[in-house]
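Number of protein chains: 2
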Amino acid sequence: MSSPIYLGVIGVGGVGTSFLHQLARLPNAPKLILLARSSQTLLSPTPSYSPAIPAADWKTASTTPSLTTKGALSPDEIAAYLSSAPGRSILVDNTSDPKLAASYPVFLRQGISIVTPNKKGFSSDFSHWKDIFESAAQGKALVYHESTVGAGLPVLSTLKDLVATGDEVTRIEGVFSGTLSFLFNTFAPVGGADKQWSDVVIQAKELGYTEPDPRDDLNGMDVARKLTILARIAGLEVQSPDSFPIESLIPAPLAGLPSSADGIAQFITRLPEFDGEMAAIKETAEKQGKVVRYVGSIDVKSKEVRVGLQQFDQDSAIAGLKGSDNIISFYTRRYGSNPLIVQGAGAGGDVTAMGVTADLLKVMERLH
Amino acid sequence: MSSPIYLGVIGVGGVGTSFLHQLARLPNAPKLILLARSSQTLLSPTPSYSPAIPAADWKTASTTPSLTTKGALSPDEIAAYLSSAPGRSILVDNTSDPKLAASYPVFLRQGISIVTPNKKGFSSDFSHWKDIFESAAQGKALVYHESTVGAGLPVLSTLKDLVATGDEVTRIEGVFSGTLSFLFNTFAPVGGADKQWSDVVIQAKELGYTEPDPRDDLNGMDVARKLTILARIAGLEVQSPDSFPIESLIPAPLAGLPSSADGIAQFITRLPEFDGEMAAIKETAEKQGKVVRYVGSIDVKSKEVRVGLQQFDQDSAIAGLKGSDNIISFYTRRYGSNPLIVQGAGAGGDVTAMGVTADLLKVMERLH
Numbered sequence: 001m002s003s004p005i006y007l008g009v010i011g012v013g014g015v016g017t018s019f020l021h022q023l024a025r026l027p028n029a030p031k032l033i034l035l036a037r038s039s040q041t042l043l044s045p046t047p048s049y050s051p052a053i054p055a056a057d058w059k060t061a062s063t064t065p066s067l068t069t070k071g072a073l074s075p076d077e078i079a080a081y082l083s084s085a086p087g088r089s090i091l092v093d094n095t096s097d098p099k100l101a102a103s104y105p106v107f108l109r110q111g112i113s114i115v116t117p118n119k120k121g122f123s124s125d126f127s128h129w130k131d132i133f134e135s136a137a138q139g140k141a142l143v144y145h146e147s148t149v150g151a152g153l154p155v156l157s158t159l160k161d162l163v164a165t166g167d168e169v170t171r172i173e174g175v176f177s178g179t180l181s182f183l184f185n186t187f188a189p190v191g192g193a194d195k196q197w198s199d200v201v202i203q204a205k206e207l208g209y210t211e212p213d214p215r216d217d218l219n220g221m222d223v224a225r226k227l228t229i230l231a232r233i234a235g236l237e238v239q240s241p242d243s244f245p246i247e248s249l250i251p252a253p254l255a256g257l258p259s260s261a262d263g264i265a266q267f268i269t270r271l272p273e274f275d276g277e278m279a280a281i282k283e284t285a286e287k288q289g290k291v292v293r294y295v296g297s298i299d300v301k302s303k304e305v306r307v308g309l310q311q312f313d314q315d316s317a318i319a320g321l322k323g324s325d326n327i328i329s330f331y332t333r334r335y336g337s338n339p340l341i342v343q344g345a346g347a348g349g350d351v352t353a354m355g356v357t358a359d360l361l362k363v364m365e366r367l368h
Numbered sequence: 001m002s003s004p005i006y007l008g009v010i011g012v013g014g015v016g017t018s019f020l021h022q023l024a025r026l027p028n029a030p031k032l033i034l035l036a037r038s039s040q041t042l043l044s045p046t047p048s049y050s051p052a053i054p055a056a057d058w059k060t061a062s063t064t065p066s067l068t069t070k071g072a073l074s075p076d077e078i079a080a081y082l083s084s085a086p087g088r089s090i091l092v093d094n095t096s097d098p099k100l101a102a103s104y105p106v107f108l109r110q111g112i113s114i115v116t117p118n119k120k121g122f123s124s125d126f127s128h129w130k131d132i133f134e135s136a137a138q139g140k141a142l143v144y145h146e147s148t149v150g151a152g153l154p155v156l157s158t159l160k161d162l163v164a165t166g167d168e169v170t171r172i173e174g175v176f177s178g179t180l181s182f183l184f185n186t187f188a189p190v191g192g193a194d195k196q197w198s199d200v201v202i203q204a205k206e207l208g209y210t211e212p213d214p215r216d217d218l219n220g221m222d223v224a225r226k227l228t229i230l231a232r233i234a235g236l237e238v239q240s241p242d243s244f245p246i247e248s249l250i251p252a253p254l255a256g257l258p259s260s261a262d263g264i265a266q267f268i269t270r271l272p273e274f275d276g277e278m279a280a281i282k283e284t285a286e287k288q289g290k291v292v293r294y295v296g297s298i299d300v301k302s303k304e305v306r307v308g309l310q311q312f313d314q315d316s317a318i319a320g321l322k323g324s325d326n327i328i329s330f331y332t333r334r335y336g337s338n339p340l341i342v343q344g345a346g347a348g349g350d351v352t353a354m355g356v357t358a359d360l361l362k363v364m365e366r367l368h
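Same order as they appear, the protein sequences are chains A and B. Each residue of the first sequence is one higher than the one before, starting from 1 at the first, in UniProt numbering. Each residue of the second sequence is one higher than the one before, starting from 1 at the first, in UniProt numbering.
Misleading hints may appear alongside valid ones.
Copies of the same chain look alike in the list, so a pair counts if it fits in one copy or across any two.
Computed list of lysine-lysine pairs in DSSO-like fashion (alpha-carbon distance at most 27 Å, straight line) [what the hints assert, rightly or not]: (1) K290 / K322; (2) K140 / K31; (3) K130 / K303; (4) K59 / K140; (5) K301 / K287; (6) K31 / K160.
Simulated from the structure, these hints should not be mistaken for lab results. Every value quoted in this text rests on a predicted model; they were computed, and no experiment measured them.
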């Protein structure tokens, strides 16, 4: 029999809630001993670290008797609690909190493995990236973060396998944002469509496909963070997501509006003023028999990372993308002119949580 | 420091040779102590199990002094040798030998893990499949066989993650044979082509894309074996690759020709007699604006597995496939109407070996 593995989970938003559902249905699940949302923390009582917290959902967990309830704990306090558990422990960070991500080395050095869809830790300064993996080696802990790119799609694991087995990755290209995929598949589909850019943005916002402030999608930063992670795994020392060109789709005059509800409302109201600019970009592509898409690309040899609009042939895989799907193409020496392609939903609670749960299972297999 | 891991490798054909090249370039490679081809076996001398065999290639290995040289060893003898090594051991089977595959339980029960692209062990009787995984559990050994389907493409790992995290896989569909992909992408591309079926088969044979006897590709058995493996991972108890319909592309009058060089020559000579039949199938599809492709599909709910010709819309991903690429689509509850798709080269020594090497690294991570 292997010894039990102890689990701390932070974040009970969309991904966090889906993850708890998946966790509750795992055979051989680890023992959930810490569950936290922004202002509250549930803990299995020390020193026995039992009973475990039921994984079903926050409500069930928070009404379970014999658990310890506290306010928000600091990363140091959480690390101290987990590292004193009578077995190996894993922290699942289902937040997008940069502060928690900044503390990963603290956890890792104490032997606590990290599983997370939170991009912040892996796409900030390169020194932090190095610190994370050096701390993991030092603490003999593991770090899995498949869902930071393409949600549950096998993107990072595939790239890591290519690199680890000695293939030479020459180029990575794709559509990395479900939101921007939807916007361009709807605004400029193969065969054309008679739609205004602003209408498509508003539709996406109403469907819940955009962040509360659509500018958080249109600024390209989310894509830039994902490219930073991929480029680093491919061996490039990208200093930060600001160290390469990012084409923002926010009209310059609207970039300065505040991110308050009022600012967002003003942005939406004024966006139609710029429909002509986007229509011109679309038509330029169409005149050449192409379509325009918002893509990210990494040229490994020339160390060039780019995020922005590009034209594609109408019969290309990128042009044919549907809905809010992601597509990622890996060009390598072994795969030659036809890339290895991974495609599918790259956003959404259930598929993002799936990547987290699959990572958790892999970490558990390695810790046993 | 972790204890060393000992490695036995059988088979030095196309995949075996590529694998040895990749193995030789791994940092932290396991100790190669057994290397065998059909009639010869190289061994590190017992009881020290050292020196290790250089992994570069068969010629270098076989001319290395201080190794023990023997003829072909039986699976029992190989298992006895590996299980007595002073650490955990792994057998990499780079053959397509059904006899060796039949012995996997012998290795696994003795704690020897298996990594292989050999389909035979996983696509014969269902009782053998069960025996393999029960033996692995009993011997606390691991079995990784990613390259049995789609070569190095992340197909089995993706399906296993979907199943393990509790997604409901409803349908798997795709082009699973590089050879049949090339034949149909060339014979019936989107937009049409004026080619005779027999000419395309001969071209593929001359390019080395077919087995020495092209009927070994055209009979659909290779695809049926892959579907058997996928269906079993998806939870279906497929008894054998013969237990579902397989559409053979060998004209009935030519199926009985011997598999000798003379029989193959006769097959090639007489194949043009049947060009009219294949042209009719192509034209029927074209009249409906479609193209014909040779695909495999698994309907998990109705437990239906099928291998054969099917028509596809010209703008579908399957119709747009290039060269000898594979494409595999997973339809699941979480992914909804847009499947998770993996696409790329599904055959060839280097990419198949890459799947084997990646599996080897994963097994090593778990054994440490």
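So, going through the hints one by one against the coordinates:
no.	hint	verdict
1	K290 / K322	both (16 Å within a copy, 20 Å between copies)
2	K140 / K31	both (20 Å within a copy, 23 Å between copies)
3	K130 / K303	within (19 Å within a copy, 48 Å between copies)
4	K59 / K140	neither (34 Å within a copy, 39 Å between copies)
5	K301 / K287	neither (32 Å within a copy, 46 Å between copies)
6	K31 / K160	between (29 Å within a copy, 23 Å between copies)
Hints 4 and 5, counting from the list given before, are not met by this structure.
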